[in-house]
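Visitor: Residue numbers (the numbering used here), protein chains in the order written: chain C, 69 to 212; chain U, 69 to 212; chain Z, 69 to 212.
It cannot be assumed that every hint is accurate.
The list treats identical chains as one, so a pair stands whether inside a single copy or across any two.
[Unchecked claim] Result set (PhoX-like, lysine-lysine): computed pairs, CA atoms no more than 20 Å apart in a straight line:
#1 Lys115 to Lys127
#2 Lys149 to Lys100
#3 Lys192 to Lys127
#4 Lys164 to Lys127
Note that these hints are calculated values from the structure, not bench results.
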Amino acid sequence: MIYSQLSSDLWAVRLEDGDDILVSLRRFVEVKGVRAGLLEGIGSLRKVRLGYYDFETRKYSWQVFEEDMEILNLSGNVSTKDAGYIPHVHVALGRKDFSVLGGHLDDGSQANMVEVFVRRLPGKLVKAHDQKIGLNVLQLSDRI
Amino acid sequence: MIYSQLSSDLWAVRLEDGDDILVSLRRFVEVKGVRAGLLEGIGSLRKVRLGYYDFETRKYSWQVFEEDMEILNLSGNVSTKDAGYIPHVHVALGRKDFSVLGGHLDDGSQANMVEVFVRRLPGKLVKAHDQKIGLNVLQLSDRI
Amino acid sequence: MIYSQLSSDLWAVRLEDGDDILVSLRRFVEVKGVRAGLLEGIGSLRKVRLGYYDFETRKYSWQVFEEDMEILNLSGNVSTKDAGYIPHVHVALGRKDFSVLGGHLDDGSQANMVEVFVRRLPGKLVKAHDQKIGLNVLQLSDRI
Numbered sequence: 069m070i071y072s073q074l075s076s077d078l079w080a081v082r083l084e085d086g087d088d089i090l091v092s093l094r095r096f097v098e099v100k101g102v103r104a105g106l107l108e109g110i111g112s113l114r115k116v117r118l119g120y121y122d123f124e125t126r127k128y129s130w131q132v133f134e135e136d137m138e139i140l141n142l143s144g145n146v147s148t149k150d151a152g153y154i155p156h157v158h159v160a161l162g163r164k165d166f167s168v169l170g171g172h173l174d175d176g177s178q179a180n181m182v183e184v185f186v187r188r189l190p191g192k193l194v195k196a197h198d199q200k201i202g203l204n205v206l207q208l209s210d211r212i
Numbered sequence: 069m070i071y072s073q074l075s076s077d078l079w080a081v082r083l084e085d086g087d088d089i090l091v092s093l094r095r096f097v098e099v100k101g102v103r104a105g106l107l108e109g110i111g112s113l114r115k116v117r118l119g120y121y122d123f124e125t126r127k128y129s130w131q132v133f134e135e136d137m138e139i140l141n142l143s144g145n146v147s148t149k150d151a152g153y154i155p156h157v158h159v160a161l162g163r164k165d166f167s168v169l170g171g172h173l174d175d176g177s178q179a180n181m182v183e184v185f186v187r188r189l190p191g192k193l194v195k196a197h198d199q200k201i202g203l204n205v206l207q208l209s210d211r212i
Numbered sequence: 069m070i071y072s073q074l075s076s077d078l079w080a081v082r083l084e085d086g087d088d089i090l091v092s093l094r095r096f097v098e099v100k101g102v103r104a105g106l107l108e109g110i111g112s113l114r115k116v117r118l119g120y121y122d123f124e125t126r127k128y129s130w131q132v133f134e135e136d137m138e139i140l141n142l143s144g145n146v147s148t149k150d151a152g153y154i155p156h157v158h159v160a161l162g163r164k165d166f167s168v169l170g171g172h173l174d175d176g177s178q179a180n181m182v183e184v185f186v187r188r189l190p191g192k193l194v195k196a197h198d199q200k201i202g203l204n205v206l207q208l209s210d211r212i
C-alpha cells in the first residue's frame, strides 16, 4: 500500500498486488487516526469475499469469487466503535463478460490494483451494536 | 431518519427501518435548505421502485422489487426547480446471489438501513424542463 | 458540454446528446488545468465501449454496447502522465430490464445526458507506466 497526502484531510492510496483491500484500509485509517471519513475508489481485484445481510434472519451470508474483476465502484465510510476503526465498504464489480456482481466487502479480498481516496471528515462518527437490527449502526444526534 | 451535522455543509444521515429513501432525502434537503448538493451512500433496502428512461419514447418504465438488497452505491445530486427540491438519485443493488440490479430511484423505495452523506455545494443548481429530452435538466451557464 | 463553476475547485458539468463521455471529460480537465481530481456522476448513455483488464495476459478486452442505459454511477479520478491528462473512469450501467453491466470506460461512449461533478484536488497526481502490471499507475510517495 502506497499513498500521498494531498491535504490535511485527504489521501490518495494505491493498493498493490495481493493487498487485502479492507485490512489495508482499516490499517490506513488507524495509522492516520481517521475517526470519521469517506472512502471512494476504482480499480481491479483478483479475489473478493462478498457479504449479503438478511434483515429477517439477521445473518450475513458470504461468498468468495476468485477471478479478476474491475472495481466499478468502491464506496464507504469510516467510523469507530469502542477502540476500533470501522471502514464500512460496498463494492460493485465488473466481470470479464461485463456482467456485474456486488455486495458488502469483507476481509479476505485481494487487490490487483486499487486507487482509493480517503477523506477525513470533521467531527466524529461512532457506531454501536443495534440489537434489533443485528448490526453496528451510526449513532447520530438529531432526528427529523 | 436520524442525522448529525459534521460541518456547516456536511451531514451524516441514517435512514431507518421502512423510511422511504427518496422522500426522506427530499425532506432532509428541504429542511436544511440544501439547494445544491451531492449525495452518496451505502446500506440496505427492502423494497425499491426503479426507473429506466427511454430517450426515444421519452418515457420512464418502472419496476418494483421487494427483497432485501445491499445498496452497493447510492449516488446523486440535489438541485431545485421552481419552489421544489430535486434529489436525483441512482442506485446499484446487490441481491442475495450477489447479482446486481439498478436504475433511477423513485419514491416508494423503503430502507432497511442506509448511511447517506449529504454535502451542500456552494452556488446554486437549478433544473428546468427540456422539451426535447423530456426531462428536467441542469441549467448551466458556460459551454465548451 | 455545458458547465457551471461552483467554487474555485468544483464544477458541475452536463454532457449532452451524443457527447463522447471520456473525450469530453478529458477536454474539460485540460481546459481547466485539473491535474489532480475526482469525478462522480449519474445520467444516461446510448453507447458505451467497456474495457476489462486481464492481469495475467496484461491486455484489455473491449466490448461495445449500443442501447440506452442508466449510468448508475460514474466514478473516477484525474491525474497526468507526461504532458497528458488522464481521466480514469469506471461505470456501472442499468439496462431496460434493470440488470447491470459495467467496466472501464473508453473513448467512443456517447452520452444521452450525464451530470458529472469535477473536483480539483490540492497537490498533484502523476501516473507512470508500470511494466510489471502493464498499466499506468499512480506514483505515490509514501508506503505503509
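Visitor: Now tell me if each hint is right for this structure.
Guide: Do the hints match the structure? See the list:
1. Lys115 to Lys127: Classified as between; 19 Å across copies, 22 Å inside a copy.
2. Lys149 to Lys100: So Lys149 and Lys100 pass the 20 Å test inside one copy only (16 Å; across, 28 Å).
3. Lys192 to Lys127: Intra 28 Å, inter 43 Å, cutoff 20 Å: neither.
4. Lys164 to Lys127: For Lys164 and Lys127, only the inter-copy Cα distance (12 Å) is at most 20 Å; the intra-copy one is 30 Å.
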